[in-house]
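2 protein chains.
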Amino acid sequence: MKRIFEVNPWTITSHELQPADKRLQESMTSLGNEYMGMRGMFEETYSGDSLQGVYIGGVWFPDKTRVGWWKIGYPEYFGKAINALNFVKAIIQIDGVTVDLATVPYTDFEVSLDMQAGVLHRQFTVNGVQVQIDRFISVATKELADLRWSFTASDGQTHDVQLTALIDGDVVNEDSNYDEKFWDVLDAEVTNDTAFLMTRTVPNPFGVPQFTVAARQRFVSDLPAIDVVQEDKQVGNVFAGQVGAATQRIEKRVIVTTSRDYADDTAVKHATDTIFASIASATYDDLYDAHAAGWAERWEKADVQITGDEAAQQGIRFNLFQLFATYYGNDARLNIGPKGFTGEKYGGATYWDTEAFAIPVYLGVTDPAVVKSLLQYRYQQLSGAYHNAQQQDLAGALFPMVTFDGIESHNEWEITFEEIHRNSTIAYAIYNYTHLTGDRSWLENEGSEVLVGIARFWADRVHYSARNDAYMIHGVTGPNEYENNINNNYYTNWMAKWVLQYTLDNADTFTSAYQEKLAISAEEKAQWQLIVDKMYLPEADVKDVNDVERHIFVAHDTFLDKELIPVRDLDASQLPINQHWSWDRILRSPYIKQSDTLHAMYYFPDAFTEQQKRDNYEFYEPFTVHESSLSPSVHAILAADLKMPEKSVAFYQRTARLDLDNYNNDTSDGLHITSMTGAWLSIVQGFAGMRVRDEQLHFDPFLPAEWDGYKFRFMFRERLLEVAVDHDGAQVTLISGDPLTIDVSGETVALEVQ
Amino acid sequence: MKRIFEVNPWTITSHELQPADKRLQESMTSLGNEYMGMRGMFEETYSGDSLQGVYIGGVWFPDKTRVGWWKIGYPEYFGKAINALNFVKAIIQIDGVTVDLATVPYTDFEVSLDMQAGVLHRQFTVNGVQVQIDRFISVATKELADLRWSFTASDGQTHDVQLTALIDGDVVNEDSNYDEKFWDVLDAEVTNDTAFLMTRTVPNPFGVPQFTVAARQRFVSDLPAIDVVQEDKQVGNVFAGQVGAATQRIEKRVIVTTSRDYADDTAVKHATDTIFASIASATYDDLYDAHAAGWAERWEKADVQITGDEAAQQGIRFNLFQLFATYYGNDARLNIGPKGFTGEKYGGATYWDTEAFAIPVYLGVTDPAVVKSLLQYRYQQLSGAYHNAQQQDLAGALFPMVTFDGIESHNEWEITFEEIHRNSTIAYAIYNYTHLTGDRSWLENEGSEVLVGIARFWADRVHYSARNDAYMIHGVTGPNEYENNINNNYYTNWMAKWVLQYTLDNADTFTSAYQEKLAISAEEKAQWQLIVDKMYLPEADVKDVNDVERHIFVAHDTFLDKELIPVRDLDASQLPINQHWSWDRILRSPYIKQSDTLHAMYYFPDAFTEQQKRDNYEFYEPFTVHESSLSPSVHAILAADLKMPEKSVAFYQRTARLDLDNYNNDTSDGLHITSMTGAWLSIVQGFAGMRVRDEQLHFDPFLPAEWDGYKFRFMFRERLLEVAVDHDGAQVTLISGDPLTIDVSGETVALEVQ
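Just so you know, the sequences run in chain order X and S. Converting from the first sequence to the working numbering requires adding 35 to each position, the first position being numbered 1. Converting from the second sequence to the working numbering requires adding 35 to each position, the first position being numbered 1.
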């Protein structure tokens, strides 16, 4: 744990620059508008350790990564979002000295992320000149990044100040193999006070499209343009002049366009001009206001207020801010990478995290259209999912573990074709959307195609074991990735059965066009029903770690043969085990990385009895190391459900400030974007007990002992509600929309807008 | 299956050059003297498809191969023998035209490998000039390769002939990542009629030593030297003159030295001169004779004669020839790569194949010193084995799956730290040597250290399952590599138990120096005994594919839950499954790549009852696809043991001419060197029923129906025997050594040299 920012409800502020924490600071001050995003690296020269990262949504590269012996069905490449041209790069010179905070003396340092308005502010004073930098990536004009430098002499003198504002196409990924470069420069243009650079990803042998990314910069400057930079892979403009007590400002506007939005390179280039023309008359304040208004609108629907715990208040806002910076549903070709635009790890690709953890949040805090975009994303990639299944000699659709375009693009077999439980979560998202919104139209149209594709995959993927007269699923990796190639993972089997049952239950409601297209025969339905009836789901009587008799679902065929030493009996120096133990030791251990058998209870809290939930929770949790940042929230919700508020709060605390306090000691690589959902889920589904039962919204809230109160907004079926919980109890208010009857702690409450 | 060479008892001859079969032809005409070796690629220009390969024993490179997410315990690199400088490269010009058999017209083509003398002969006629090329890699002077070109005009004219004989340091591996080059040129020298090139492997970040390899060429030529080649990475000498009906010869001698044998680069270079000096007075015939005599001596001890089946005769000799070309025990730092010097696949590294299949052959056909070198190899690498275990957080010694220096150097977790059964085979080799030779000295000295290291590994690698009151081994890959990460692989568990028992049985016989060094406590012995007594080895009553009741050893925990469709019911177009099925499908199938549960019955035929062997054979063999070239011989031996001669012969046929008939359609990549053992093992341990029981040699021979007879030499305890089997029965003759009493088909036979 390491807290390098001050606790403040709306900002992430630090007055220190610790070189060892530079990457951590950069991760935490990342900005994004889902179209593009970047880490909080300094614009100007910084010669210390730093991880540069500018990423464009949907721009990626298939990086070949040879394994020892390739086998049929292995994906051919590892897809990753790549560092794009760095359009914020700058050189600042004060009295001829290049500003480099790693080497020159400075005072008055501040870095501050304003989460309310989505602006990163930074300042420092070097050699008598205070430099302030504001930057934002506009949520009003997606292609626009705006940076403003303000120079003020604070020592009563005047100083020579020079700013070189660059667009650098010579970027690399830290994780590239063999020092590869991923970009060629296609075009460069420089005038006195503008610069343009166009880059294209290098060719690849996998048929993945090459992406063109262009950036043009223009300026509004108090200081005159005095020179240009025109190098092979870098262009820029130079401004210089004298700075005294009167602040001198240089605003740089960058428009970034890509071949994802335009038909050809000429159009990509032309668009930078067109978009500039559309904002030509706008002042910095105009652009800022339009951007800040966008953020205000988001917060109006989504804000969570916590009283009595400022750190928690900051945590939940940081989580929602970074989540929205990564994704807000404006482009159904995009999705939510586990690190968003904040680092290279996980390659910016789409994982099941979206459907498992992000959709439940977006369903509560945004318009349904945002989630519809995420459903649409998978629908568009259905052909890729059929391809993935075919690669494994299987029928139906297998949604990928890691992807940009629907084709599996991770390269470890134990993940890609074993961690197939994700397929059911794609189906669960359709259920979840339908269940929460009450809108069956997606399910009955496009969703039916996705659902049936997944059902057909499962019907082929199971096998019949004669000796057990049961359908089994061998060779999987469950949500607990600390086991590979296990047989009959309870969660995987249960979810496959659920998918088949849910598809059967709804098949007759699909619109006739889709029924015709899908052509599900009576025989096929009968086979699905047979698999549902005979799915292998063993249970066992065991004793838990406290020697209490439990009747549990068996995690997988041989879990109970393991040496069952609970986590509490491990030497604490061995934790986290993934930083101390060999993979061999981890695989053979009983330790669970994230909720596995319990995961379906998070998805379907009402599908299990209280006793089932309690027995399994009490048996498995003691073996769970929660080394996935996705684990604690599931346990927080389940603990709340089981009326164990203290345990629920303890789990909440592991997720609420995961990155802010660098709990896992890896935030320097980037933020855990999809885990940002954990705190909200813990509060809303856990503490507040939000459920939808029989089309009715239910809450069953409790107040964490350390808090004075909490309040959150919740979108439900074209209504905006506010739920406030304090020592006096829970109060639900309808902010907008038609009257609604809900259930609060077992009592029916009729709501109307006051 | 594809047979491109003529059937002939002592040669591998073809009169055709099919461009599509060029690589296959090259593989088959490989030469080696264990110190170095090469594929049968043409010396002169060949612009068609070809796989060049010159390899030096023990010269390798650690090639980084990134996997998606590295985990603790993963090996850091993939070690591979790399293509060394090509010292046979040449350019032939006839009347100014460069000879390239891919483009110029030719007649009179022949390529012929003389297995008796170990010489590759080639000839062709281009434009009226017949070119003959002989080359050998001397088994008398290990550093010497000798090539002789003979030019004769066959059209009554005279022709201009020019030969450029080169040493090329600009070589690559086909399997290199990202077009890497592995060699730097350190030194080059050219005189009128000699050339010298010295290369060194490029630096690596893994602490693996860089290797220097140098080659110097000298000539004995009828044609004068007229020019030299001195390029950045290539040197050579040019000879030219008129050729008429009188044959003109150019003999090129190459001396290859490496830093493996000399202290520094100066010494490596100097040695090429010293060694040349030692053969300065020798003629080509002298060098040839010394080399051929070496091969004659090998054949004297090892030849197998088969009458009535020339293809079989050729097959067994080809197998022994290529095995001996790869390894003959002169350097205990070397071992037997699965492809020897014949290709890049498997990287020329050491696998368990050596102890499992090669040692049993060498024990029968060479002096015990050869096998002693192989035992010594592992002993020298014991510290690497301790390192490998430690990497997995385990005690004791884990011999690597793939190695050059004892450190694991393959990079797939499912192989490196799961296929740990190989560790027991290292112990088995010590038993096997002791059992066959009667020499306990290795076991009681160095061998004890190896054995105890392995025992300690197993004692830590097992875990106690409370629910079963048994010791289990989870997370392994058995000899059947078509399953990964299985639990309680019967073979692995059985062998681990055997290792512990064998170590316990012999611990008191270790010499006092080793007993002291090893310090095995009474508690440790008691723990080993407990594991032996409680090792989990489940059995089951099942029906075989013919519905016969069988009592079997269970392959692993969930094998019997699979969909048990026998291979005979598969569509033949699906075979081999590894070329048609996804890895996912293979892993989940019941199909066995190579003998697994049966493997211990091959090692210890007398440790199982006839009924046990029959039940397991009849149950498992129908699921075995034998897609490892190592599988058929084990089944041939077991079938012979079970008195099923026809089945035994059928399996023998799958191994006898595996490469000669390109059975697996992959011989173009290189020969299956360690599978070369299969035919000999099938004949000697299978057809002839060779066993050692109570220190006595037993034979129980039968004659395959298709043969008139077979005869093989066999070394046993300082004696050379000949076993002859024909329609009249079996005859064992003592060729040399003290009198001996053996058992032939249940009858005691006293042997004396006649």
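None of these hints come from the bench; they were simulated from the model. Take these hints with a grain of salt, some might be off.
Remember, identical chains collapse to one label, so a pair may be satisfied in a single copy or spanning two.
To be verified - Okay, derived cross-link-like pairs now, DSSO-like style, lysine-lysine, Cα gap no bigger than 30 Å in a straight line:
(1) Lys-304 x Lys-648
(2) Lys-268 x Lys-304
(3) Lys-560 x Lys-37
(4) Lys-37 x Lys-106
(5) Lys-336 x Lys-177
(6) Lys-106 x Lys-380
(7) Lys-99 x Lys-380
(8) Lys-569 x Lys-746
(9) Lys-216 x Lys-560
(10) Lys-648 x Lys-682
(11) Lys-569 x Lys-648
(12) Lys-648 x Lys-578
(13) Lys-304 x Lys-106
(14) Lys-216 x Lys-268
(15) Lys-336 x Lys-407
(16) Lys-407 x Lys-268
(17) Lys-336 x Lys-268
(18) Lys-380 x Lys-746
(19) Lys-216 x Lys-106
Results of checking the hints against the structure:
| no. | hint | result |
| --- | --- | --- |
| 1 | Lys-304 x Lys-648 | neither (58 Å within a copy, 75 Å between copies) |
| 2 | Lys-268 x Lys-304 | within (17 Å within a copy, 46 Å between copies) |
| 3 | Lys-560 x Lys-37 | neither (55 Å within a copy, 48 Å between copies) |
| 4 | Lys-37 x Lys-106 | between (43 Å within a copy, 24 Å between copies) |
| 5 | Lys-336 x Lys-177 | within (21 Å within a copy, 81 Å between copies) |
| 6 | Lys-106 x Lys-380 | both (25 Å within a copy, 14 Å between copies) |
| 7 | Lys-99 x Lys-380 | both (16 Å within a copy, 20 Å between copies) |
| 8 | Lys-569 x Lys-746 | neither (46 Å within a copy, 60 Å between copies) |
| 9 | Lys-216 x Lys-560 | neither (51 Å within a copy, 58 Å between copies) |
| 10 | Lys-648 x Lys-682 | within (15 Å within a copy, 57 Å between copies) |
| 11 | Lys-569 x Lys-648 | within (23 Å within a copy, 36 Å between copies) |
| 12 | Lys-648 x Lys-578 | within (15 Å within a copy, 41 Å between copies) |
| 13 | Lys-304 x Lys-106 | neither (43 Å within a copy, 44 Å between copies) |
| 14 | Lys-216 x Lys-268 | both (12 Å within a copy, 28 Å between copies) |
| 15 | Lys-336 x Lys-407 | within (17 Å within a copy, 78 Å between copies) |
| 16 | Lys-407 x Lys-268 | neither (40 Å within a copy, 62 Å between copies) |
| 17 | Lys-336 x Lys-268 | neither (43 Å within a copy, 69 Å between copies) |
| 18 | Lys-380 x Lys-746 | neither (34 Å within a copy, 64 Å between copies) |
| 19 | Lys-216 x Lys-106 | both (28 Å within a copy, 26 Å between copies) |
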